[in-house]
Amino acid sequence: MDASLTSEARPQSAAPPTPSTPQKTQAFSAGTPTASTALESISIAIAGSGGSGVMSAGNWLLEAAARSGAYGLMVKTMGPQIRGGEAAALVRLASSQLESLDDSFDVLLAIDWQNVHRFADEIPVKPGGLLVCDVDGGEIPEVFTRSGARVLSLPLKKMAKASGSWINMLALGITGALAGLPVEALEQAVRTGWTRGEEALQTNFRALREGMAAAREHAPQARRIDPQQGKRWLVSGNEGAGYGAIRGGVRFVAAYPITPATEVLEWLAPALVEAGGSLLQAEDELASINMIIGSSFGGVPSLTATAGPGLSLMTEGLGLAVAAEVPIVVIDVMRGGPSTGIPAKSEQSDLSFAVGGLHGDAPRLVLAPSSISDCIETTQWAVELAETLQSPALVLSDQFMGQSRAIVDAPQLPEPKGKRLVAEANTPNYKRYGDTPSGVSPMAIPGTPGNTYTADGLEHSETGVPSSQAADHARQLDKRARKLMRHDYGNRWADIEGDGPLAVITFGSAAGPVREAARRAAAEGVDVRTIVLRLIAPLQPAAMAKALEGVQRVMVVEQNHEGQLLRYLRGVADLPGRPAGFHRPGPLPLRPADICTALREWAQAKEETK
Amino acid sequence: MNDMCHPPGLAAAEPFTPLHYKSATKPIWCPGCGDYTVLNAVTKALALVQRPPHEVAVVSGIGCSSRIPAYTSCYGFHGVHGRSLAAATGLKVARPDLTVLVASGDGDGYSIGGNHFLHACRRNVDLTYIVMDNHVYGMTKGQASPTTEPDWDSKLSPGGTGVRSFHPLVIALAAGANFVARAFAGDQNTTADIIAAGIRHPGFSFIEILSPCVTFRPEQKEWKNLTHPAPVGPTDDAARAAKRIMTDDGFNIGVLYAGHRAPYSGGPGAPTRSLQEMESAFAL
Amino acid sequence: MKSHSVQAPRTLAELMAQAYALEREAVERYGELADVLATHNNQEVAALFRRLASQEAMHATEILRTMGWTRAPQPPHLPDAPAAPGPEEAHYLMHPWHALRIALDAEQKAHDFFAALAQRCEADEMRLAAQRLQADEREHITLLQSWLQRVPEPPAGWDEDPDPPRYPH
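So the protein sequences, as listed, match chains S, C and D. If you're matching positions, the first sequence starts at 1 in my numbering and goes up one per residue. If you're matching positions, the second sequence starts at 1001 in my numbering and goes up one per residue. If you're matching positions, the third sequence starts at 2001 in my numbering and goes up one per residue.
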């Protein structure tokens, strides 16, 4: 396999895990043999209504897992109320890095059942799983009991009241024990950031241990995730994107809050100042995009973050950045669309808009991180590319990656290197938009003597003078297209793993369930090559052709209704055979089992047509 | 103002009560939110005015306050962030027979909606615009809004924005609003009276309602001790109103200005030319 | 802006119509409070407010019965009529004790209102009626106080939320 097709190196742990007790996940459907390469993981959901503290419990569980050497992922789901609403923390822990939720949950602990049934679609419980609830909590909703899971009823409220502790401490103890986490790790997680005094802490530690004891007494042998070596980070996609921006060199951000992107901006607000930059809260997204164009025109790498509705408002500004060749980065944390859509849920339905939604012929960079950890590196790369190519870059993150936290291997981040080609002072015959072979022309930064020019959204000559001449228009269109298309993006444009006549192409958070499905399929003898796109636009035909060498059929997997990536690829690439699409809209996450089933059926269909 | 008056010709009919204007949908606002009172005041005001619910439209943008249309039994339009006045303008100009209420929060109305606010006041279409002002972005969990104090600490603007807060009443007056009032969500009856007065007053009626956010600005509980009836009644002299509003303590409650500008009159009329007559201009 | 020439009800019917309106408003407001708390998953206090609502409904029905009305006439608009407690008094973590205190406060205001009206009424028949209403409210107050005895006072830190609206993460 030559270099361009090898997968991105992922740091491996020093020693492979050696479990002392078998800890395979259950087969997802009866009759399927347990795959030896199945991910060793446990999935726990903690649910309850406002005031019961399920999010804190989930966070502590994740942090305790981090301290004890495990990997993990936590997703939050909530009702529409600002406070007091029904909520669930969905936690998955494993012995290797996770990028996806499992198909179903081993444990659902409900502190109470208030409206938890509204999350039933998101918390499918395994038939051999465990429901833990309050013995005084009323009837368990049928939607959960019909899973066939066992029930463990404990007097949770009474226990908490008796000990004067928070009920979520019991929940933490119970789930922590079921996950095989040591009490020291759980206590340390709670202690960090505790502000209520030592006495309250000790009371709650007693409750924690009480919960653990109850779990051990009533529930079967807890699985244990073996501690892994190596440095790890605990980070959310939104935080990671913020850090990636700073690494890439961003020093000015204009911000307007919008779910689910606000955390990117809130993380950047103090961090930018620490890095020597600044953030400004704008009056709306029209202002934000124009502000960052202005600051970038002034020479400062600039960025904003938004979601679908905000991106729609920014389109005019994006076009201006294309035409005037001003580098900017816009992070789009995708959510359910169209229009106001489903603000707090994930979807990958802004792709068509990202690659095509500007008036005129307006090429631009579109990138997509493919995991929580990748949000850091891809955002950094987007800044570098924007600066190098003097172009707007869209980063398609999504709510799933943005607002979930994960324990990940400490990323090996490349040194920031993409820099703006800046015109030297007093360049003779300076042409801001000169038709260079690469398409990138030196940009004069205000304050530099001798090279003053006027940046313009109007079509222009090489010196920037507005022009309606055919020759100028053709020249500038070619230049702006060429600079993106000819750039050497190296290996990072896609992560290609595995081999086989069948290839799955995907992007963003869909990569996690796709990779997991591919592993399961391979164990069944269905070999699949996965191509996870990181650079979606431009798509270089030669690179894609190479990626598809030997591939007979392609399936495109994505989380939207129309099959937006499939449509795009059919337009810009030569796909072999008749490409298949696996596309489902949000709000539910894509499940590895469903993708694996689709792969299996697809492979069988291929067999039958031989 | 008058109490309930029966619609002409329907003296024997049942008057509409506030309950007639409420839908069965339960609000999800936090317990303690001022918007509950505003909802009650709106339904009470509509009962004072006695328009049938199906002849009233409530247009809103995005934010906690903007959820209000679904909680009424009127026709509702829950549009996009900041554009409620634009949508309402289109509706009212094309359908002058309807009573159109517009609802916003301080973020939706004064930040992203700022431009439309200026021009709605200028244009003076017969609308009643109520802004539930809680000096914060609540739905996105606690960022400063244009009416937030410059030194209010938040995650997005640590240490405060440092930017002077917006004064919507003065701006409305300067831009040409025909009716300018301030209300307080803690006093349901007064707020209802003010809204009813705004509906009855021709042209663009702007009512800023101080509506505390119990979740992100719990200190606004103090507002019930700070608000007080305006010391004088409304004036129709814009300059006098401007001086009063620019120098008041921000907690004067009541109608502050009620002017005599003619409302916008550019709506549709009866057709005066047939298509054939129009075609004749092209025919050779 | 507003002028109220009516300072006291002029007839018995007006007085009783006012009393009826107060009870009905209380039914609505307690119902609203119950809905708000149910939406925010505080079922215990939601149930309590529903109970209070049905109590007020009973009081309202009693007035109709006393007056032989099937429907009450419109009440006069009295400026100092107490407003029923609204949802802004609630807290999503509130305890039954808080709810009862809110109800108690409302009953006290109603009691004081009727006491003041009794002072202002000139006609004997009306003064007696106002005093009876005042006495009824006194009974309600006593009942609520007894309920209050039977619920525990909320512990310190009752409004601490382990998951505040702005999570650290």
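If you're looking for bench data, these hints aren't it; they were derived computationally from the structure. C-beta atoms are modelled at their ideal positions from N, C-alpha and C, and glycine is treated no differently. Treat the hints with caution; some may be incorrect.
[As the list claims (entries may be wrong)] If you want a taste of the chain S side facing chain D, the calculated C-beta under 7 Å gives, among others: (1) 49; (2) 50; (3) 51; (4) 53; (5) 55; (6) 78; (7) 83; (8) 84; (9) 117; (10) 145; (11) 147; (12) 163; (13) 166.
Given hint residue 53 of chain S near chain D, where the shortest CB pair must fall under 7 Å = Check passed: Cβ of residue 53 of chain S comes within 3 Å of chain D, closer than 7 Å.
ask   = Hey, does the residue 145 of chain S contact hint survive, CB to chain D under 7 Å?
value = violated, 21 Å
request  = Would you check whether residue 163 of chain S satisfies its interface hint, that is, whether its CB is within less than 7 Å of any CB in chain D?
outcome  = violated, 13 Å
request  = Report holds or violated for the interface hint on residue 147 of chain S, using the least CB-CB distance to chain D and a cut-off of 7 Å.
outcome  = Since the shortest Cβ distance to chain D is 23 Å, the answer is violated.
Status of the hint placing residue 51 of chain S at chain D (closest C-beta pair under 7 Å) = holds, 5 Å
request  = Closer than 7 Å between Cβ atoms is the bar; does residue 55 of chain S clear it against chain D? Give me holds or violated.
outcome  = holds, 4 Å
query = Was the hint right that residue 83 of chain S lines chain D, CB cutoff 7 Å?
reply = holds, 5 Å
ask   = Once the shortest beta carbon distance from residue 78 of chain S to chain D is found, is it less than 7 Å?
value = violated, 9 Å
inquiry  = Does residue 117 of chain S hold up as a contact with chain D if the rule is Cβ-Cβ below 7 Å?
reply    = Cβ of residue 117 of chain S sits 13 Å from chain D, so the hint is violated.
inquiry  = A closest beta-carbon separation below 7 Å is what the hint needs, so does residue 50 of chain S meet it against chain D?
reply    = holds, 6 Å
ask   = Do the numbers back the hint for residue 166 of chain S, that is, is its least Cβ distance to chain D under 7 Å?
value = holds, 5 Å
ask   = Are residue 84 of chain S and chain D close enough, Cβ to Cβ, to be under 7 Å, as the hint says?
value = holds, 3 Å
When held up to the earlier numbered hints, the structure conflicts with 6, 9, 10, 11, 12 and fits the remainder.
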